[in-house]
Structure formats: C-alpha cells, structure tokens
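Novice: Given the sequences, and given the hints that come with them, work out the whole structure.
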Amino acid sequence: MSSTAIKVFGVIGFLIICALCLLMKVQKIEADLTRRSLQQLQDAGIVVENITVDGRDAILSGAVASEAAAQQAEAAVENVWGIRRVRNRLQVAPPAEPAISDTLEAAPAAATPPADTAVVAKPDTVPKVRTETQIRLDTLLAGKVIEFASGSHVLSPSSYPLLNQIAEVL
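Taken in order, the sequence shown gives residues 271 to 440; the numbers are from the numbering used here.
Among the hints, a few may not be true.
[Unchecked claim] So the derived label-pair ranges between C-beta atoms look like this:
1. G325 x A345: 16 to 22 Å
2. Q297 x E402: 47 to 53 Å
3. A338 x S426: 45 to 51 Å
4. A289 x A314: 35 to 41 Å
5. C291 x A412: 44 to 50 Å
6. A338 x G280: 34 to 40 Å
7. I405 x A345: 37 to 43 Å
8. S336 x V415: 44 to 50 Å
What the hints contain is simulated information worked out from the structure, not anything from laboratory work. Since we're looking at a predicted model, the values are computed, not measured. Glycine is no exception: its CB is placed at the ideal position from the N, C-alpha and C atoms.
Specialist: Listed below in structure tokens is the structure:
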C-alpha cells in the first residue's frame with residue numbers, strides 16, 4: 271500500500287472518529303449551554319418562558335413584559351460562552367386586565383342587562399355551578415371512551431356524538 275493511500279485512510283478514519291465524538295457529546299453540550307443560559311438570565315433578573323439550544327444556537331420564546339426585557343434577555347444569552355447565535359422570538363405580552371372580582375365590585379348594578387351581553391354569575395354561586403357541571407360530565411362520560419384514529423391525534427368519527435354532548439354540558 272502506498273504512503274498516499276495510508277494517509278488518505280488515516281485522515282478519513284480521523285474524521286470519522288471526530289464526527290462520532292461530536293455526535294455523542296451534542297446532547298451534553300446543548301444541556302450545558304441551556305443551563306448556563308438560564309443561569310445568566312436568572313442572574314440578570316429576567317424571566318423567559320422557554321429557551322431552546324440547538325447545537326450552539328439559542329432560541330428564546332414566550333412572552334415578556336416589555337421590548338426592553340426581550341432585548342436584555344437576548345443580550346444576556348449572547349454573553350454565554352459557547353452560544354454562537356441567539357434567535358429572539360420573544361413577544362411582548364399585553365398589559366394584564368383587572369381581575370373579574372374587581373370589575374364586579376366596581377360596576378354599578380343594572381336593572382336589566384342589554385340583550386347582547388352575558389350575565390356573570392355571582393361569586394358565591396360559582397362553586398355550585400362548577401360542582402353541578404362536574405357531576406353532569408362525570409355522569410355523561412361514565413363508561414364511555416373518546417377514541418382517536420390509530421397512531422394519530424385525529425378523533426374517530428364515532429366519538430363526535432359524545433363530544434357534542436360534552437359541548438352542550440359546558
């Protein structure tokens with residue numbers, strides 16, 4: 271065998287060994303980058319719903335309070351050693367609406383609600399309605415099965431009538 275052939279086989283063997291080493295360590299590397307990115311965000315006081323590391327690329331997703339928080343999160347993860355690129359898919363969450371109990375207490379009492387509005391139950395009747403609804407659902411579903419197509423998330427047509435009955439209860 272010539273020395274050129276030996277060198278070629280040696281280089282090919284070396285590349286195969288390198289590829290196997292990388293493939294075996296990818297999950298550990300991604301887990302380490304995820305852990306260090308989360309720690310960096312926590313140290314900066316930033317809350318992010320989801321961070322995913324694919325190779326050396328980090329993907330931030332979920333809702334944040336402001337655009338500034340999204341930019342701070344991106345900058346914090348970019349500073350993690352080993353992260354090559356950060357894809358910022360964070361969305362600014364709309365401001366929180368007041369709680370329903372605050373709205374009920376602040377709203378003036380109306381004699382009759384307009385025809386196009388829903389009537390909200392009084393807070394003391396909600397547990398009773400929940401209990402009655404749960405009992406009706408338990409009775410309806412007793413011994414029945416909601417079926418899916420084999421190996422799929424698609425509902426079986428035989429389950430449609432039962433789902434219609436559940437929708438009527440709710």
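Novice: Work down the list of hints and note, for each, if the structure agrees.
Specialist: Results of checking the hints against the structure:
Evaluation of the 16 to 22 Å hint for G325 and A345 yields a pass: the beta carbon distance comes to about 20 Å. Between Q297 and E402 the beta carbons are some 49 Å apart, a value that agrees with the proposed interval 47 to 53 Å. Between A338 and S426 the Cβ separation comes to about 49 Å, which falls inside the hinted range of 45 to 51 Å. Roughly 36 Å separates the CB atoms of A289 and A314, a value that falls within the hinted 35 to 41 Å.
In this structure, C291 and A412 break the distance hint of 44 to 50 Å, their C-beta atoms being roughly 57 Å apart. For A338 and G280, the Cβ-Cβ distance of about 54 Å falls outside the hinted range of 34 to 40 Å, so the restraint is violated. At about 53 Å, the CB distance of I405 to A345 disagrees with the hint of 37 to 43 Å. Evaluation of the 44 to 50 Å hint for S336 and V415 yields a pass: the beta carbon distance comes to about 47 Å.
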